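> Letter by letter, the chains look like this.
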Amino acid sequence: MKTFYWLVKREFWEHRGGFFWAPLISGSVFLVLNIMALITGEVLGNRSNTHFNIAGGLNLSGHMDADMLGKIGTGLDIAMYVVAGIVLMIMAIIVFFYCLGSLYDDRRDRSILFWKSLPISNRDTVLSKVVSASIVAPVIACVFGTAAGLLLLLIAAFTASLHGLNMWALLMNSHPLLVAINMISLIPLYAIWALPTIGWLMFCSAWARSKPFLWALLAPLAAGVIVSWFGLMGLFNLGSGWFWKNIVSRMLLSLVPGGWLRDAAQIDNEPTDPSVILDHIGLAHNYATLASPDLWIGAIAGSVLISAAIWLRRWRDDS
Amino acid sequence: MSAVITATGLSKHYKNSLALDNVSFRIPAGRIVGLIGPNGAGKTTALKAILGLTDFSGQLNVLGLDPRKQRDKLMEQVCFIADVAVLPRWLRVSEAVDFVGNVHPRFDRAKCEAFLARTKLTPGMRVRQMSKGMIVQLHLALVMAIDARLLILDEPTLGLDILYRKQFYQNLLEDYFDENKTIIVTTHQVEEVEHILTDLMFIRDGKIVLDADMDAIGERFIEVMVNGDRAEAARAMKPLDERQVFGKSIFLFDGVERSTLEAMGEVRRPSVSDLFVATMKGTYA
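So the sequences go chain by chain: A and B.
The opening position of the first sequence corresponds to residue 211 in my numbering, with each subsequent residue numbered one higher.
The opening position of the second sequence corresponds to residue 258 in my numbering, with each subsequent residue numbered one higher.
Among the hints, a few may not be true.
[As the list claims (entries may be wrong)] List time: in silico EDC-like cross-link candidates among lysine to aspartate or glutamate, alpha-carbon distance up to 20 Å: (1) Lys-505(B) - Glu-489(B); (2) Lys-423(B) - Asp-334(A); (3) Lys-219(A) - Asp-435(B); (4) Lys-326(B) - Asp-319(A); (5) Lys-212(A) - Asp-511(B); (6) Lys-281(A) - Glu-489(B); (7) Lys-219(A) - Glu-489(B); (8) Lys-330(B) - Asp-334(A); (9) Lys-272(B) - Asp-527(A); (10) Lys-389(B) - Asp-527(A); (11) Lys-212(A) - Asp-312(B); (12) Lys-212(A) - Glu-489(B); (13) Lys-219(A) - Asp-355(B); (14) Lys-330(B) - Glu-352(B).
[Stated by the list, open to error] Covered stretches of chain A, going by a simulated chain B footprint (3 or more residues, C-beta under 8 Å): (15) 216 to 229; (16) 294 to 305; (17) 326 to 335.
Since the hints were made in silico from the structure, they are not lab data.
Only a predicted model underlies this, so the values are computations on that prediction, with no experimental measurement involved.
For glycine and all other residues, C-beta sits at the position ideal for the given N, C-alpha and C.
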């Protein structure tokens, strides 16, 4: 257990830039851009001597009833999810490349010989990388993402208060804590959902003698093209779209946060009530995915690929 | 004395070559063995087999364990430094000490820090900022702080200047080696290790062509400097090798009575490198 903790720590040391600094910086950049936009809005608003409007033409200087406040609160919650979502998206890209390099880079620079000179099993080595990709990176990104969302919330409320709106009333109607808890509790689901992509990328990383990126990308894409071209899926009464959606995209795109929602009921094009949207981000709605075989078949496939990566890590002999 | 390594009928095929050809040897504890051979002779393959880094056929027993099946356990007792610059470039000195200290049950942190204190390495330094010599110093400090029974060195001083090379072997002898430890070293810089070796193994084309301890080698191989007029007689005794120096001929004999040779001229013990060159004649031809 102690060894495993240090293995994960080692992954963090090596990828501090991607795991820690990238979400911190992307969150900060997003905040700064928003502050700049707000300032620009204020300045332009002052010049033209009109009221500054947000949230689609709400007149913030007027009085609002409880219902309106509630809607704004929900809107602010959604804004927090969006900010966190952007940070998580960047994390997903980083984790994609992290997985591709995880079992390849040290073979290329031969530092694998150093790691293999220590009494650490290949299973623990590979699993520590899986945990880094599926748990450590998302947790850090969630923390920075929600922190950025929270700051944005405060800034938005502060700006609104400049226009005579009660800052506290706005804040009390949003649910930052709930948003944070939701985000963190979705990480286990994310980890299970992302397994096929993590497994596939790490398998390529352990297997490729060179250019794991090309193999990882080209193999599923080529398979998809062949299947579409020859209509192979017709044999199983399935369209080629099924193959793209359930094989190719699961192998390559399962790191996208919230990817499991693609099968969930679509949100109306123009929801009248923002809380409808929020329901779709809610925990119960998300964890309903646990009932879908899609999630579990993917997780099993991912585990098989990870086992293959462990075997390759042990026996691949090219250093 | 129990053997640290016993190999019987060890073979390893690569796609179109035979790296190890039915090799058998036995290495007892408390020895420093030089595994010497030309490029591509199978040295690294033999070491990789011992370390469980490659598959092979035949029997191999390292410290009572099978390196293929019990590798994780074996690595608690075995250390290796393979070539230079295998430490990951992002690693800091402090991280390396922390990591090895926490995953290796036989690592002595205080010892490691004492070794590091004798170098110019600082805790915050990264491997990528170090010279080759410093990287080896760090690696050696880590390895020497591990109380292992077998240390394997594969070209450990490749690319280092002479100061680092001398210091490397000196540290090993003074601060590490004892009768419970065994060291196997491969290198091309034979002259630098020959005075520390207790045993010598020559490997050529996947076969062990010489396996003896240094005392036996001193008795078996004799070099004799013969004047020109007696060179024909010496040649008739089938020397391993002959070379000319200052109008005299130097012959290298294998297993000829010392007294016979003393009658012909000045005898001396051949250097390992001369012996190596004579044994490996025609390797690349």
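> Evaluate each hint against the coordinates.
Now the hints, each set against the structure:
1. Lys-505(B) - Glu-489(B): holds (12 Å)
2. Lys-423(B) - Asp-334(A): Roughly 38 Å separates the two Cα atoms, so the pair is violated.
3. Lys-219(A) - Asp-435(B): Roughly 35 Å separates the two Cα atoms, so the pair is violated.
4. Lys-326(B) - Asp-319(A): Given pair Lys-326(B), Asp-319(A) is violated - Cα atoms ~26 Å apart, limit 20 Å.
5. Lys-212(A) - Asp-511(B): Between Lys-212(A) and Asp-511(B) the Cα gap is close to 56 Å, so the pair fails against 20 Å, i.e. violated.
6. Lys-281(A) - Glu-489(B): violated (110 Å)
7. Lys-219(A) - Glu-489(B): Violated - the C-alpha atoms of Glu-489(B) and Lys-219(A) are around 71 Å apart, more than 20 Å.
8. Lys-330(B) - Asp-334(A): holds (14 Å)
9. Lys-272(B) - Asp-527(A): holds (13 Å)
10. Lys-389(B) - Asp-527(A): violated (25 Å)
11. Lys-212(A) - Asp-312(B): Answer violated: Lys-212(A) to Asp-312(B) is near 30 Å, above 20 Å.
12. Lys-212(A) - Glu-489(B): violated (71 Å)
13. Lys-219(A) - Asp-355(B): Holds: Lys-219(A) and Asp-355(B) sit about 10 Å apart, inside 20 Å.
14. Lys-330(B) - Glu-352(B): violated (23 Å)
15. 216 to 229: It holds: at least three residues are needed, and the region 216 to 229 of chain A offers 6 whose Cβ sits within less than 8 Å of chain B.
16. 294 to 305: Check failed, 0 qualifying residues.
17. 326 to 335: Holds, because 6 residues of the region 326 to 335 of chain A bring their Cβ atoms closer than 8 Å to Cβ atoms of chain B.
In terms of the numbered hints stated before, the structure departs from hints 2, 3, 4, 5, 6, 7, 10, 11, 12, 14, 16, listed from lowest to highest.
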